[in-house]
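Enquirer: Protein chains in written order, with this note's numbering: chain A, 1 to 315; chain B, 1 to 315.
Misleading hints may appear alongside valid ones.
For chains that are exact copies, the list does not tell them apart, and a pair is met inside one copy or across any two.
Subject to a maximum C-alpha distance of 30 Å in a straight line, what follows is the list of computed BS3-like cross-link-like pairs (lysine-lysine) [claimed, not checked]: (1) 303 to 196; (2) 20 to 298; (3) 191 to 207; (4) 303 to 163; (5) 298 to 109; (6) 123 to 52; (7) 68 to 20; (8) 298 to 68; (9) 303 to 20.
The hints are simulated quantities; they were obtained by calculation from the structure and are not laboratory data.
Protein chains: 2
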Amino acid sequence: MNTQILISEVGPRDGLQNCKAIMPTTVKKRWIEGLYEAGLREIEVGSFVPPKLFPQLADTAEIVTFAKSFPDLCVLALIPNLRGAQAALEAGVDAVTLPLSASEPHSLKNMRQSHDQVIENVKAIRALFNGAPKAQRPRFEVGLSTAFGCSIAGVVPEDTVLKLAVRLVEAGADELGLSDTVGYANPVQVKRLINKVRGEIGHSRVKSVHLHNTHGLGIANAFAAFEEGITVFDSSQGGLGGCPASPGASGNIVTEDLVYMFESMGVETGVDLEKLMALRTLIQQGLPEEELYGFTPKAGLPKTFLPIDPPPQTS
Amino acid sequence: MNTQILISEVGPRDGLQNCKAIMPTTVKKRWIEGLYEAGLREIEVGSFVPPKLFPQLADTAEIVTFAKSFPDLCVLALIPNLRGAQAALEAGVDAVTLPLSASEPHSLKNMRQSHDQVIENVKAIRALFNGAPKAQRPRFEVGLSTAFGCSIAGVVPEDTVLKLAVRLVEAGADELGLSDTVGYANPVQVKRLINKVRGEIGHSRVKSVHLHNTHGLGIANAFAAFEEGITVFDSSQGGLGGCPASPGASGNIVTEDLVYMFESMGVETGVDLEKLMALRTLIQQGLPEEELYGFTPKAGLPKTFLPIDPPPQTS
């Protein structure tokens, strides 16, 4: 069993994207700084999408520059296409993630692209990155969204996911993440699909999962993924943004509860949970209308909770 | 992996005990009837405790008689002591559960009894049951509460739990359940303790767990217990009653979410989730002030959800 995992905080992108209100850039910077100070070492800070479509993320380039000032922080951004990849490269991100919806109807509706079109994008992005000096090439992940089911298509056959995984790696993706975009996954399915995808493209290319808590199974799914050796877990502080597919329901798993689970199991996250929980006040100030989720923040830390000493700082 | 599990619904006892308002007996009966019709086959219907202390459960004997009219329903009641055991025997329950807090300070505060005193009670109750005709003897469970930690004592040494387990079986308990009374457990700990206790008293005497969701890990802990071969899961519809140790926080794991997890994993619970969720209206009518928890009831069933055919009715 792994004794250490990495939490990839997606709140500043995925969380904010699903909020109606816009968090001011100054608050966003203080939030990212606070996340770093609490020990988070990978943050999805924004998305290179048209500002007209997502005004919440219009400051992404500025935020990337700001986030790059923190030592040892992996600054990740979402890119929808080649144009986004160009902008991400210019901004100097450490890693990009491109979503591909395993459900083609979902892909056509949300990204207006067929699977073939996305694969072509991946090839073009790979060529773009390969043309950049090696030190500037971002890590190139593809997030396989709706990998566990789709609110439009229903069941997404595992064979579809496997075939896409192979095509994506051939097209030039460095890593694939499995995403439960609409919160349909269960722990047995999580274990099975991780193993199947790894069987096709290799263990080292499947390190991360992106799970939702829509039906209350998010943390159980994370535990199941951990048992299979997954080491990178996306989550959102306060479960910010809710679930776009089910209005009123919760969405992303809550970073606070995820850190609590790992640290209480003796698995090091590097995150100081008290510092992290204290940040909720700032988020709430920046987005007064938004509901923040999380059980541990509500209940408080138990008497038995002994956080693991954070690793020595290297800079 | 087991393909079938039993959910022991504790809402009518554990849930109601922690509500300030009293659910009218007529509503309670309709609720139990509804639970039965939804497929629940074990229900903790009440507690043989002094009505002055717990007026919510003062109708327990009447409720037992009512519940006994449903074929194949295991009617379970909590008993705090020998007097409770006598009342339970007279009422004709199928099973009793006696709580023993593994944390002695918790035991002294909540039950006003030392470990030695509870062990003496177990012996006396065993003698009482052995004196009854075999067909009338209830199954005698002891719930090892605070087995995973205590809000008073903090850490509860696993050795304490193991020694108590051995003493309880020697004193005459048929089975032991491991209870996370204050919601401190994590999945790794759940797996470890189940295995350790089974190592002391045998696999067949540790079938059930009672988990709380105070820190958001309840369903993950249930999955971990399931992986270890646990087949009986306590839960409360709507997570009724909250957490007495952390006011405002959630308590018992929510039956609806637990059923959702198992059925979506292909594990048969026998419960019709839509019928179960429809019952929430009745509970809310009976207890208008009480908050009902649960993710699946809020999000609705996903498109991919295919409930398992219930087993053929035997009567």
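Enquirer: Between residue 191 and residue 207, at a C-alpha cutoff of 30 Å, which is it: within one copy, between copies, both, or neither?
Expert: both (13 Å within a copy, 24 Å between copies)
Enquirer: At 30 Å max between alpha carbons, let me know whether residue 303 reaches residue 163 within a copy, between copies, both or neither.
Expert: between (48 Å within a copy, 23 Å between copies)
Enquirer: Tell me, please, which holds for residue 20 and residue 298 at an alpha-carbon limit of 30 Å: within, between, both or neither?
Expert: Intra 24 Å, inter 21 Å, cutoff 30 Å: intra and inter.
Enquirer: Quick one: residue 298 to residue 68, C-alpha cut-off 30 Å, is that within a copy, between copies, both, or neither?
Expert: neither (32 Å within a copy, 39 Å between copies)
Enquirer: With 30 Å as the alpha-carbon cut-off, assign the pair residue 303 and residue 196 to within, between, both or neither.
Expert: between (40 Å within a copy, 23 Å between copies)
Enquirer: For residue 68 and residue 20, with the copy left unspecified, which applies at a CA distance of at most 30 Å: within, between, both, or neither?
Expert: within (27 Å within a copy, 53 Å between copies)
Enquirer: Treating 30 Å as the Cα threshold, decide for residue 298 and residue 109: within, between, both or neither.
Expert: This pair counts as between: shortest inter-copy Cα distance 25 Å, intra-copy 37 Å.
Enquirer: Up to 30 Å between alpha-carbons, please classify residue 123 paired with residue 52: within, between, both or neither.
Expert: within (27 Å within a copy, 74 Å between copies)
Enquirer: At most 30 Å between alpha carbons: which applies to residue 303 and residue 20, within, between, both or neither?
Expert: between (38 Å within a copy, 26 Å between copies)
Hint compliance for this structure: hint 8 alone is broken.
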